[in-house]
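*Asks:* Chain residues, written in single-letter form:
Number of protein chains: 2
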Amino acid sequence: MDDIKLIEVKEEILSDNDAAAAVLREKMHADKTFLINLMASPGAGKTSLLLQTAAALKDDYRIGVIEADIDSMVDAEKIQAAGVDSVQLRTGGFCHLDADMVKQGLDGLGAENYELVFIENVGNLVCPAEFDTGAIKDVMILSVPEGDDKPLKYPLMFTKCDVLIINKTDMLSLSDFNMEKLRGHIARLNPGMQIFEVSSRTGAGIEGWTNWLRDQLNGFL
Amino acid sequence: MDDIKLIEVKEEILSDNDAAAAVLREKMHADKTFLINLMASPGAGKTSLLLQTAAALKDDYRIGVIEADIDSMVDAEKIQAAGVDSVQLRTGGFCHLDADMVKQGLDGLGAENYELVFIENVGNLVCPAEFDTGAIKDVMILSVPEGDDKPLKYPLMFTKCDVLIINKTDMLSLSDFNMEKLRGHIARLNPGMQIFEVSSRTGAGIEGWTNWLRDQLNGFL
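These protein sequence lines are chains L and C, in that order. For the first sequence, counting from 1, position 171 maps to 171 in the working numbering; every step adds exactly one. For the second sequence, counting from 1, position 213 maps to 213 in the working numbering; every step adds exactly one.
The set of hints was computed from the structure by calculation and includes no laboratory data. As the structure is a prediction and not an experimental result, all values here were calculated from the model. There may be inaccurate statements among the hints.
To be verified - So, partial list: chain C residues that the calculated Cβ filter (under 7 angstroms) puts toward chain L: (1) P42; (2) S72; (3) D107; (4) G110; (5) N124; (6) L125; (7) C127; (8) E146; (9) G147; (10) K150; (11) E180.
Stated by the list, open to error - List time: in silico SDA-like cross-link candidates among lysine to any residue, alpha-carbon distance up to 20 angstroms: (12) L:K181 x C:E77; (13) L:K181 x C:K181; (14) L:K5 x C:L152; (15) C:K160 x L:G93; (16) C:K78 x L:M171; (17) L:K160 x C:D69; (18) C:K78 x L:D176; (19) L:K78 x C:F94; (20) L:K181 x C:K103; (21) L:K181 x C:S72; (22) L:K160 x C:K103; (23) C:K103 x C:G92; (24) L:K181 x C:M73; (25) C:K78 x L:N178; (26) L:K78 x C:N178; (27) L:K160 x C:S72; (28) L:K160 x C:F94; (29) C:K181 x L:K5; (30) C:K32 x C:L152; (31) C:K160 x L:N178; (32) L:K78 x C:K103; (33) L:K160 x C:G92; (34) C:K5 x L:L152; (35) L:K181 x C:G92; (36) L:K78 x C:D149; (37) C:K78 x L:M193; (38) L:K160 x C:E77; (39) C:K181 x L:S72; (40) L:K78 x C:K5.
Glycine included, every Cβ here is placed at the ideal spot set by N, Cα and C.
Whenever a hint applies, use it, and build me the whole structure from the sequences.
*Replies:* Now the structure itself:
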């Protein structure tokens, strides 16, 4: 296994994160790098979903991953072990990534060599929603054990994202999670949101998500 | 059901949150109000644990709850419906509570009339760990579906807290969560941490936690 590149990110107080993100997004279009910002609570299944997604797509696309963590490399190690290139951003205490930190990750990865790059953001439903990272698409995971009321409590995250992946559907039988209720909240907050129900553990539903990704990539590349 | 008091908290840029927290904690000792700061990821089961805890203790102690949410009152409504007094702090975009916000909640509740007051902090394993709220004890919940590696990824939270409640043990059979591994991480990070394994859903293990709380209250009041 290759050594994983570790980048200790510095927080630059950028006067205008939105402008930096717009520049980055333009570069992603020019380089034909489809950059996805993946966000979720701690333990919702970001790494597992990335592993399933990479397994489905890695024969057809060059995939890279930027892992963000406050203080460990466990996720980057799992991704690397699956044969997917990754860099680790260590964020110190920061609760989110901004466009400049993502740029440090893209540079470290050599993102221009990849067609599909995922940012695994810090596990947090609050702060990451407030910062444009320059990604082409924002994707969030909500896992069934977290409950169907989360859109009411973290509305910005559910409003900002283009895609909602409902993970751990294999746990529905042990939970009072009501899928109709959840879909009702989304219909009011963000009616254009794409929703996929999956279980990263069993693989159920993953194909719906990866087929959508293939369509996006076909339009983009 | 009484109307729930809603407090829109203002963030004062306090030069020294630690000093404000120390003043608040001294007042809690003087008033004999055992203030607990409860923290966890979104959906780990803070409100459910509070409901179980209140059911076990409300005949013996006067209990109040300060709910913090970015933008909803669903938790305060659940708590109030169970016959427990609560106030709702609406934090706008803030990802954590500081001592001044907690003071606004305590004043709104009339905390001097209660022996046991819980703060249900914003669902987040990052930011709340960085701010002393003035509580007597810091308690966190980790739920089984989040995984046993979380101490590696959010070490400050696991180091800061006095008590770890491992919730949703009824989901162990559907998860690769390894309790020994988790306990090993804690032994290295925070060997004095009290650990309770519970299921708020089935009630299993709740008594260990509430008995510990009774002991603490007996020593404090």
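*Asks:* Each of the hints needs a verdict: does it hold here or not?
*Replies:* Hints and how they fare:
1. P42: Holds - the Cβ of P42 of chain C comes within 7 angstroms of chain L, reaching about 5 angstroms at its closest.
2. S72: holds (4 angstroms)
3. D107: violated (24 angstroms)
4. G110: Interface hint status for G110 of chain C: violated (26 angstroms vs cutoff 7 angstroms).
5. N124: holds (5 angstroms)
6. L125: With Cβ-Cβ at 5 angstroms, under 7 angstroms, it holds.
7. C127: holds (5 angstroms)
8. E146: Status holds, d = 3 angstroms.
9. G147: holds (5 angstroms)
10. K150: This hint holds: K150 of chain C lies near chain L, its Cβ roughly 6 angstroms from the closest one there, short of 7 angstroms.
11. E180: violated (17 angstroms)
12. L:K181 x C:E77: Roughly 18 angstroms separates the two Cα atoms, so the pair holds.
13. L:K181 x C:K181: Status violated; Cα separation ~36 angstroms.
14. L:K5 x C:L152: Given pair K5 of chain L, L152 of chain C holds - Cα atoms ~18 angstroms apart, limit 20 angstroms.
15. C:K160 x L:G93: Holds - the C-alpha atoms of G93 of chain L and K160 of chain C are around 14 angstroms apart, at most 20 angstroms.
16. C:K78 x L:M171: violated (23 angstroms)
17. L:K160 x C:D69: Cα-Cα ~18 angstroms, so holds.
18. C:K78 x L:D176: holds (15 angstroms)
19. L:K78 x C:F94: violated (32 angstroms)
20. L:K181 x C:K103: violated (35 angstroms)
21. L:K181 x C:S72: Holds, because 16 angstroms separates the two Cα atoms, which is no more than 20 angstroms.
22. L:K160 x C:K103: It is violated: about 32 angstroms lies between the C-alpha atoms, which goes past 20 angstroms.
23. C:K103 x C:G92: Given pair K103 of chain C, G92 of chain C holds - Cα atoms ~17 angstroms apart, limit 20 angstroms.
24. L:K181 x C:M73: OK: K181 of chain L and M73 of chain C at ~17 angstroms, within 20 angstroms.
25. C:K78 x L:N178: holds (17 angstroms)
26. L:K78 x C:N178: This hinted pair holds, its Cα atoms lying about 17 angstroms apart.
27. L:K160 x C:S72: Distance ~18 angstroms between K160 of chain L and S72 of chain C Cα, so the pair holds.
28. L:K160 x C:F94: Measuring from Cα to Cα gives roughly 17 angstroms; hence the hint holds.
29. C:K181 x L:K5: With Cα atoms ~26 angstroms apart, K181 of chain C and K5 of chain L exceed 20 angstroms; violated.
30. C:K32 x C:L152: With a Cα-Cα distance of about 36 angstroms, the restraint between K32 of chain C and L152 of chain C is violated, given a limit of 20 angstroms.
31. C:K160 x L:N178: violated (35 angstroms)
32. L:K78 x C:K103: violated (43 angstroms)
33. L:K160 x C:G92: holds (16 angstroms)
34. C:K5 x L:L152: Between K5 of chain C and L152 of chain L the Cα gap is close to 19 angstroms, so the pair holds against 20 angstroms.
35. L:K181 x C:G92: violated (24 angstroms)
36. L:K78 x C:D149: This hinted pair holds, its Cα atoms lying about 12 angstroms apart.
37. C:K78 x L:M193: Given that 20 angstroms is the threshold and the Cα spacing comes to 29 angstroms, the pair is violated.
38. L:K160 x C:E77: violated (27 angstroms)
39. C:K181 x L:S72: holds (16 angstroms)
40. L:K78 x C:K5: violated (47 angstroms)
In this structure, the hints that do not hold are numbers 3, 4, 11, 13, 16, 19, 20, 22, 29, 30, 31, 32, 35, 37, 38, 40, in rising order.
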